[in-house]
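J.: Protein chains in written order, with full-length UniProt numbering: chain L, 1 to 330; chain U, 1 to 330; chain E, 1 to 330; chain V, 1 to 330.
A pair counts as met if it fits within one copy or between any two copies, since identical chains are not told apart.
In silico DMTMM-like pairs for lysine to aspartate or glutamate, Cα to Cα no more than 25 angstroms straight-line:
no., residue 1, residue 2
1, K198, E245
2, K198, E37
3, K198, E112
4, K198, D165
5, K28, E327
6, K159, D256
7, K28, D279
8, K198, E248
9, K28, D322
10, K198, D249
11, K198, D256
12, K198, E250
13, K198, E266
14, K159, D257
Bear in mind the hints are in silico, worked out from the structure with no lab data behind them.
Since the model is a prediction, treat every value here as computed from it, not as a measurement.
Number of protein chains: 4
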Amino acid sequence: MVEVSVLGGVGYAGAIAAQLLYRHPFFKLAHVTARAEAGQRLDDVHPRTRVPLELEIFDVSKHAVDAAVVAYPHGAAAPVVAELRAAGTRVVDLSADFRLRDRAIYDDWYGEHKAPELFGQGVYGLPELTRAQVAGADLVANPGCYPTAALLGLAPLAKAGVIGDVVIDAKSGVSGAGRAPTHATHFISANENVSPYKINGHRHTPEIEQELGVLGATLPITFMPHLLPLDQGELVTAYVTPSAELSEDELVNLYDDSYAREPFVELRTGPVGVIDVRDTNFCRISWVQDPRTGRIIVFSAIDNLWKGAASQAVQNLNLMFDRPETEGLL
Amino acid sequence: MVEVSVLGGVGYAGAIAAQLLYRHPFFKLAHVTARAEAGQRLDDVHPRTRVPLELEIFDVSKHAVDAAVVAYPHGAAAPVVAELRAAGTRVVDLSADFRLRDRAIYDDWYGEHKAPELFGQGVYGLPELTRAQVAGADLVANPGCYPTAALLGLAPLAKAGVIGDVVIDAKSGVSGAGRAPTHATHFISANENVSPYKINGHRHTPEIEQELGVLGATLPITFMPHLLPLDQGELVTAYVTPSAELSEDELVNLYDDSYAREPFVELRTGPVGVIDVRDTNFCRISWVQDPRTGRIIVFSAIDNLWKGAASQAVQNLNLMFDRPETEGLL
Amino acid sequence: MVEVSVLGGVGYAGAIAAQLLYRHPFFKLAHVTARAEAGQRLDDVHPRTRVPLELEIFDVSKHAVDAAVVAYPHGAAAPVVAELRAAGTRVVDLSADFRLRDRAIYDDWYGEHKAPELFGQGVYGLPELTRAQVAGADLVANPGCYPTAALLGLAPLAKAGVIGDVVIDAKSGVSGAGRAPTHATHFISANENVSPYKINGHRHTPEIEQELGVLGATLPITFMPHLLPLDQGELVTAYVTPSAELSEDELVNLYDDSYAREPFVELRTGPVGVIDVRDTNFCRISWVQDPRTGRIIVFSAIDNLWKGAASQAVQNLNLMFDRPETEGLL
Amino acid sequence: MVEVSVLGGVGYAGAIAAQLLYRHPFFKLAHVTARAEAGQRLDDVHPRTRVPLELEIFDVSKHAVDAAVVAYPHGAAAPVVAELRAAGTRVVDLSADFRLRDRAIYDDWYGEHKAPELFGQGVYGLPELTRAQVAGADLVANPGCYPTAALLGLAPLAKAGVIGDVVIDAKSGVSGAGRAPTHATHFISANENVSPYKINGHRHTPEIEQELGVLGATLPITFMPHLLPLDQGELVTAYVTPSAELSEDELVNLYDDSYAREPFVELRTGPVGVIDVRDTNFCRISWVQDPRTGRIIVFSAIDNLWKGAASQAVQNLNLMFDRPETEGLL
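Model the full structure from these sequences, guided by the hints.
T.: The structure is reproduced here in structure tokens:
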């Protein structure tokens with residue numbers, strides 16, 4: 001039996017990670033931590049989890065069990081990950097602290113890294129693209145929600161070396177903004193509204209660029225996120241100017257080659273909607289060629305809290321501990 | 001006193017046009033027509049209008065008064081516009097039947113035109129761009145909702161001749177899909193969802209291309225609409241690859257030159273949201289330069305039923321009858 | 001292995017029943033039927049089910065397997081239930097056709113019964129109240145959504161004989177109105193709105209009265225439903241004028257005696273919200289005494305499509321086939 | 001010209017009061033105050049107001065003009081109202097500080113009153129019921145949102161002396177909870193949810209009881225509010241046990257006598273919905289008799305921020321300054 005702690009279990013993603021692990025056939029959810037809510041039960045704070053565990057204040061001597069899912073904010077995650085790793089705990093980190101590989105870029109977007117000795121040591125945990133590395137990893141950097149959707153949508157084109165240019169227009173539900181009450185997340189601000197945000201640069205931009213580069217597509221991208229009046233769900237619409245002409249059949253083959261055997265990718269023709277992947281680890285992808293401009297327009301839909309965070313963390317844990325990749329996720 | 005009929009007054013846009021004209025200081029709302037709902041009062045079908053008129057079956061001998069707003073579906077509008085024009089009635093047509101100037105393009109996207117003798121005779125009624133022609137017009141083709149937002153956002157760049165390429169990602173509330181109950185407009189389908197639609201080509205694409213061409217930007221565009229879970233509101237995010245380098249100051253000047261004196265255009269810096277222009281004739285525009293790619297990203301927000309349809313029709317009527325352009329709209 | 005057919009699998013409740021049975025450890029989902037959508041796969045019509053079965057036109061010779069969940073409209077259900085029963089199939093019927101025991105009341109509210117020979121032979125399948133009878137039943141009438149919430153909330157008081165009078169104010173999400181597109185279920189009608197409906201009498205009224213009577217509380221009730229802008233979820237607020245004075249402790253004991261060991265009833269203190277039981281078979285109940293009037297106010301929250309329909313059907317199937325009552329439902 | 005200050009102009013109700021007064025034909029909006037947002041323009045904080053005034057820190061020497069609308073929280077309002085009154089300014093106060101007439105009840109529900117010398121001197125400003133007193137008043141206590149809807153719905157019955165007992169089930173949009181970001185008003189908490197709140201007693205209960213008493217119905221009531229996932233709108237469903245039998249005709253006459261000539265009350269038959277009075281000063285009322293219990297069920301719908309607060313304040317100002325009651329409100 002493998003014991004797992006979830007650190008930061010009252011955030012939306014942490015709570016779902018705890019919920020999935022509590023019902024997982026292999027892992028045992030040993031601890032869930034939270035600071036302000038310590039002493040309460042997780043199912044009182046988040047009834048839908050139905051996890052009757054009492055929230056505890058993090059204490060490495062107690063919570064460094066076999067594995068941990070760290071659901072702390074960027075910056076706060078790094079030092080606690082370092083503590084856990086020093087204690088031998090294998091970690092899936094939901095923050096951005098171990099996703100980037102260029103220290104200057106990290107510091108520029110997130111501020112000075114708090115555990116520099118570990119910087120760059122995380123395996124980027126997008127199993128459909130990095131399955132082999134995740135399998136043996138001790139520290140997995142769980143991808144950002146937008147990068148998950150964007151990279152899965154673009155990977156077949158990136159690997160084929162045909163992305164000449166790309167604009168990524170992304171749309172997310174309000175849970176992506178986190179659980180802290182703010183004017184932006186107030187019902188009255190978000191409801192009946194749609195607006196772009198972080199229009200001068202969103203931190204997921206360098207992450208997408210880095211991983212596109214790993215796939216062979218080294219180019220600057222345009223990425224623009226928008227906030228929508230719904231709870232969970234993220235749709236990426238990626239406008240690709242191909243660097244070479246591609247027939248319909250060639251595109252079909254590229255996507256089939258990448259995803260026909262993937263358990264969590266659903267290739268579709270026609271529009272995809274985020275409701276169709278709600279509360280799941282699935283990513284739905286479709287694409288269309290625009291005959292008037294030659295562009296390839298790729299649609300990619302996920303649940304930002306599941307495939308974009310918590311369930312993908314469990315998918316990574318499954319791989320790290322040599323379990324069936326879909327265990328506990330279907 | 002100038003009498004106006006609204007034809008098709010139970011559609012969302014027709015009802016708002018009636019509501020605005022009923023309270024207009026100059027125009028007199030003389031008739032509102034509807035077929036299935038004839039005999040009912042408009043304020044029973046659409047309480048928010050608070051227009052206590054009885055809906056009538058259209059009869060040109062009765063309803064061809066000084067002016068008419070025609071809120072019929074595409075195809076159905078043309079013959080009735082022809083009838084009205086033959087009777088001397090000045091018309092603002094909300095359909096697409098008189099927007100396009102290339103007959104082949106119209107027939108290709110909408111089917112054979114039903115009043116070919118009038119084809120191409122409508123003045124495109126986007127006052128911020130075509131004010132002078134609207135002023136003397138007898139037949140004004142009210143722009144589509146997406147073209148209104150897209151063209152207002154892009155016009156300063158188009159007129160300056162600096163649009164090298166453009167991708168238009170558009171997001172609309174459900175009222176844009178019309179009042180007929182369908183699976184797509186069912187609450188359960190639209191709520192908590194976002195998806196693209198008409199991914200193989202939306203009819204507003206040639207309309208936007210045509211009017212960009214009038215402004216000097218002749219190029220094929222990529223246009224992709226998305227359906228959002230909200231009532232009214234439309235956000236266009238336009239990604240422009242400039243054909244020439246533009247400084248921040250030059251961009252500021254382009255937009256100021258176009259819009260600083262426009263009563264219904266609100267230039268902003270930072271994100272714009274559709275809730276801020278809800279139930280108004282305003283269009284909010286902001287833009288940002290993406291330093292990593294050089295792209296100019298333009299945001300343009302309107303209420304699809306107001307500036308995108310009904311209130312713009314009244315703005316056009318004001319111009320046609322030599323009234324202050326903002327009369328009845330502030 | 002016990003094979004189950006779901007008849008009417010494209011309605012919201014039928015689709016969820018199919019989804020639950022497809023993943024059930026004991027039952028095998030053998031067939032899902034639908035008329036207009038026959039030939040399509042259920043997961044194309046309802047992606048969230050992820051049931052890859054092809055929808056078939058109902059044919060009793062093929063679909064009368066061990067058991068069936070019938071998700072037909074009232075009136076349409078009775079004859080097909082009769083066919084299934086004649087073939088020896090055990091049935092859970094989601095319609096009202098076998099819930100009532102007084103034929104005159106049925107005919108008055110629903111029209112003439114279509115399988116009179118079977119009328120009154122259904123066991124009312126609210127396991128928390130009728131578990132013993134469901135266990136051996138061949139025909140179970142699955143309760144209506146409102147009766148489920150109302151009866152669970154009121155049963156402890158009804159059994160104690162202390163309901164002097166009761167007003168039931170009920171609030172439901174839009175899925176309760178069914179999948180057919182209508183003006184009432186159009187996004188624009190339901191969103192940002194709340195209104196009562198069926199104000200001259202809702203069919204669930206006699207059903208609640210009948211079952212309260214079974215519990216010992218024979219009295220006319222006031223029941224008023226309201227439509228809310230959300231997908232799934234039903235909240236019943238029941239205002240009980242007690243016929244005898246009850247102390248706080250006595251009330252605590254009444255509810256504990258009824259529900260402390262129930263796997264699907266969650267007794268709470270404080271407000272309950274429908275989101276907390278979304279997509280589950282749970283019913284959350286709390287109550288408060290109003291010191292100024294002596295009233296007992298009971299809150300009862302369910303998911304109308306789950307505990308109010310589909311998952312309760314599976315709970316009933318579990319009992320009918322002597323399986324653990326929670327199997328496939330946690 | 002009569003100058004008006006709005007104090008507390010960044011709350012939802014204060015902002016709408018400013019918006020209405022800025023466009024009012026008679027009043028001049030002289031000042032809008034706010035503490036944290038001082039120096040910003042109101043239309044930057046609340047774009048929909050389109051009031052380009054700069055928010056100022058309250059200073060009685062500057063802002064005690066002819067009249068003031070005070071939109072402060074309970075408790076904070078009383079001392080500033082006292083200052084304004086001392087300076088001769090006529091006041092409409094949106095808080096509860098001057099609504100109650102029994103000091104013990106006020107202190108019990110709100111804490112010790114902060115301007116006891118003025119306690120009880122406010123005229124209760126529900127024009128349909130207290131028009132004559134408002135006309136000459138210097139200090140008007142604007143009713144709470146729930147009392148406005150409940151009292152308008154019940155007044156004809158209360159005046160006729162036929163209310164034997166009443167249960168008031170009330171449902172409100174999220175704006176009623178105010179603009180401060182909290183867990184309860186977070187989009188993720190409120191969306192797709194409905195729950196009761198303040199189940200141990202809501203402060204509007206004694207206010208409703210007091211004013212029912214003024215109308216002749218002295219009785220304890222049961223009042224229970226619920227939070228709904230929508231922006232603005234409040235529906236009261238009042239279940240009245242009549243103390244005498246009333247025919248349909250008698251009820252029609254009672255309601256007609258009270259409201260047939262009221263400009264802001266819309267008597268309807270059939271269901272009423274809050275969307276129908278959104279952004280207006282109207283109250284829609286309908287009722288139905290429950291033949292099985294004899295109860296009269298009254299439905300009353302308002303916009304909680306308009307008729308429930310800001311527009312009713314303007315209606316009161318119109319009366320105080322001898323203007324047409326509907327001026328600036330249609």
